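Trainee: Order-wise, the sequence lines are chains A and B.
Residue 1 is where the first sequence starts when you use this note's numbering, and the numbers rise one by one after that.
Residue 1 is where the second sequence starts when you use this note's numbering, and the numbers rise one by one after that.
Hints were generated in silico from the structure; no laboratory data involved.
A hint or two may mislead.
For the chain A half of the interface with chain B, some residues (derived, Cβ under 7 Å), not all of them [claimed, not checked]:
#, residue
1, Pro16
2, Leu36
3, Glu137
4, Pro646
5, Glu654
6, Ile658
7, Cys688
8, Ile692
The following residues of chain B were derived to be distant from chain A, with all beta-carbon distances above 10 Å [what the hints assert, rightly or not]:
#, residue
9, Ile6
10, Glu16
11, Asp32
12, Lys39
13, Ser43
14, Thr64
15, Arg72
16, Ala81
17, Gln100
18, Ala114
19, Leu135
20, Arg159
Keep in mind it's a predicted model, so treat the numbers as computed, not measured.
C-beta: ideal position from N, C-alpha, C; glycine also.
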Amino acid sequence: MSATRDERQLVGTSVPRADGADKVTGRARYVADLSLPGMLAGKVLRSTYPHARIVRIDTSAARAILGVHAVLTGEDTPKIPWGFFVPDQYPLSVGKVRYAGEEVAAVAARDEATADRAVRAIEVEYEELPAVFDPEEAMAEGAPRIHDVTNNVATHFRIERGDVEAALAAADLVVDETFESMLQWQAAMEPIGCLADYQEGKLTLWANVSGLFRARNQLARALALEPGEIRIIQPAVGGGFGGKSMDDNNAVICALLARATRRPVKLVNTREEDFIGGRPRPTMRIRVRIGFKRDGTMVGKDLRVVLDNGAYSCKAPAAGGVAALRHDTLYLNDTVRSELFVAYTNKVPTGAFRGFGNPSAEWAVEQAFDIGCERLGLDPREVALKNAAGPGRVSPHGNRIGSCELHECIRRATDLIGWTEKRAARKPYRGLGLALSAHVSGKRHFYDYDGSSVILKVNQDGRVVILCGEGEVGQGATTVLAQIAAEELGVPYEHVSIMPADTDSTLFVLGAFASRLTYVAGNAVRQAAAKARRELLVSAGEFLEAHADDLQIRDGRVQVKGVPQRAMTVGEVASRRNFRKGGEPIVVTGTWDAASESHGKDRYGSESGAFSFCAHAAEVEVDPETGKVTVLNYTSATDSGTIINPVLAESQTEGGLIQGIGYALTEGFLMQDGQLLDPNFSGYKIPCIADIPPFRHEFVPSYEPTGPFGAKGVGEISMDPVAAAIGNAVADAIGARIHTLPITPEKVLAALDGRETQR
Amino acid sequence: MSLRTITITVNGMRHEVDVRPNVRLIDLLREDLALTGTKEGCSVGVCGACTVLVDGRSVSACLTLAVMVAGREVLTIEGLAEGDALHPLQQAFLERGGLQCGFCTPGQIMAAKALLDERPHPDDEEIRVAMLGNLCRCTGYYKIIESIKAAAGDVAARRQEARA
């Protein structure tokens, strides 16, 4: 076996990021930094109407401009709708537009200024159609029809486990509340962009997408190509958070322009385009009913989620599924009903954002839970401890929980904030809030596959190179995977490199989503490293005249156990094995598929191989004059199994918290008739350095038997319960509940006055 | 628009360039001088990704016209390290997790350099004020503050050594 827990050298240490030196020196190359000879600039013309029939498009004036190489409309495309779950969007509008911001035409020209002029020279005649901006209005009889589906419903399901109405009827208390979340944009600092080149029947894209192979399949569909005709290479990516998972049309349009011009084309969104043409987290209106016994035991739950899909489906139907079901992994209650409606509206299409459906669901359910505690006169900490799930539990939807330190998370988060002492010595306009969350480590979402595969080779100098297509979007996945490989092999971390993701040279993988890379890809990497170690030991045994079982690899040297001077370097073993008659290199694959299950119509089965858990506690102060909410203190405790790289994991946790604080307090766009007003960082307030509260966090000791070295997912869970924790703290501070996000000063003032505004 | 010939010093090297009066400093750096370490995040001077130093003061290169820096000294992220030796700020961001995706990092480091040049030992409040204009979506800022503090100690130590 490999190193025992005590012998570990690298797992649990904060080695510097593999890509860090390039990033602090400005050497890292992002898509906007790339150029090719003869490269053209792409630009997109977007609809200014939320819903309109396209009567006529005249591109002749644009085409006549010197330096314009192509002007494309929907007529120049294969007109094949694409999309991960419900194929319903075209690369360029066909027949009509369904939201303000939709891509109607695209230009490739010698430079950006010329492309800009050409876009402005395109004439489009629209016939405006009645539009609808609220999902429940869209589902009503007589509403404008956006797609050819009944009642504008893209997805619907209703699942009941046990008899919910009977459970609620028998409960001592039933909380019945409706909450609404808010569109939230990923707002990665690097906008979405692509460089495409089409030569000799092969389309090559340098695109800042996560999930290269899934993106390739979607591109192939939209462009009527075979996946093998497309190669995607991932440059440095400036943050994703789900917003770069190929739900939007940027790469498709860039590819169309490259194919039409036979020239490389670069198409990088402006910040405004990232907002109006991005795929934010969907708004959900959630009615939640929870029944409690007098002692706080939860006995039944009923959830009705209406998700505002926007104009096209993207990944929102799946996010809605998570919002409807995932929460039932947290508590011991088995009697649950969930109904989901995903309804089209004439607004920006919605997609994946860190946490997926969880932050929206937690905002509603964890507040309803808190209301139950308040009405029963019980301490939310004690009620959480009473109801929280533990190891070995199977959720009502079939999630099989392995390691689970949720109780310890609740105790640590509340202890860190001084929960009990502060509740005993209350101050006016100050409040405490608690919220919990469970998250997956990978999810069986696509192709009935939840696995990963890598190629690992040991070069003649002993350096280890891993070909892995999972990619790096900034989260630090490649650093963690290199640590896992180095630990398993017994070589220095600096001797392992992970090549950039490239669909032509790496094996099929799913990419970054669902907090899956450390857990799923980590297992594949560890397996490959174990195979390579075995080969090194067998070959070294031959050279050192020892049995492979009597050898070990430490710090890049293969040595006889107990006789460390009888040793060779890994490089010596690899080259001596290769450079001889009949010699061969060390090249192995590692592959691993989680023991999760696909959801059929019954939505039953363990969606992931392992689950992470957390508890968050917030202390806020509300200014009764202005309504301003200040987060005085924030604490959290997380069970993510073994932490491979503490600094990277802490940084994920801190970043997730601050995105959550943005979601809770400031991130919301003013919208009018489906249009975003001021679509830039001036109008959309993500937290800045002055907005961060004092924060204490712990990873509780935990070991997941199915994870690499005991690890589980880290990336998303830190954002899941933040809005709920702050919402609960605000309610505790002012004695009134805010039901819609974000919690703005005007809503707080209105709540203090005993009235509530809608937005 | 007619071209104007200007002389600017970038990272210690003098350049004579012909620019249109409407060309932004960020375009001059990224396109004419191939210094792509300076990033464009919002184009309206709100995000700070394009922060560079002009005569030691931090500016947004997306809001600065190239002709405005004629005769002046510009420092970009590429000019910070001395050969292979990283600047203490670069070293601290690297070691203390002051970055994830890295896109805002050049701007963060340049803004922090302007701060440390003026205030070698900034307190938390001074760091917050100086770094207000540099958005980061990944780190939540905690490790950026920690990196700047660590670098401040390191910069001060080097100055001491130099004096001794």
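Trainee: Against each hint, give a clear statement of whether it holds in the structure.
Mentor: Hint check:
1. Pro16: holds, 5 Å
2. Leu36: Check failed: Cβ of Leu36 of chain A comes no nearer than 14 Å to chain B, outside 7 Å.
3. Glu137: violated, 33 Å
4. Pro646: It is violated, given that the least Cβ distance between Pro646 of chain A and chain B is near 9 Å, above 7 Å.
5. Glu654: Interface hint status for Glu654 of chain A: holds (4 Å vs cutoff 7 Å).
6. Ile658: With a closest approach of 4 Å, the Ile658 of chain A hint holds.
7. Cys688: Check passed: Cβ of Cys688 of chain A comes within 6 Å of chain B, closer than 7 Å.
8. Ile692: holds, 5 Å
9. Ile6: Ile6 of chain B is indeed farther than 10 Å from all Cβ atoms of chain A, at 20 Å.
10. Glu16: Fine: 23 Å to the nearest Cβ keeps Glu16 of chain B off the interface.
11. Asp32: holds, 13 Å
12. Lys39: At roughly 7 Å from the nearest Cβ of chain A, Lys39 of chain B sits no farther out than 10 Å, so the non-interface label is violated.
13. Ser43: Given that some Cβ of chain A is not farther than 10 Å from that of Ser43 of chain B, nearest at about 6 Å, it is violated.
14. Thr64: Non-interface label stands for Thr64 of chain B: nearest chain A Cβ at 18 Å, farther than 10 Å.
15. Arg72: holds, 20 Å
16. Ala81: Violated: least Cβ distance 6 Å, not greater than 10 Å.
17. Gln100: violated, 4 Å
18. Ala114: With a cut-off of 10 Å, Ala114 of chain B remains clear of chain A, as the shortest Cβ separation is near 15 Å.
19. Leu135: Not fine: 6 Å to the nearest Cβ puts Leu135 of chain B too close to chain A.
20. Arg159: holds, 21 Å
Hints 2, 3, 4, 12, 13, 16, 17 and 19, counting from the list given before, are not met by this structure.
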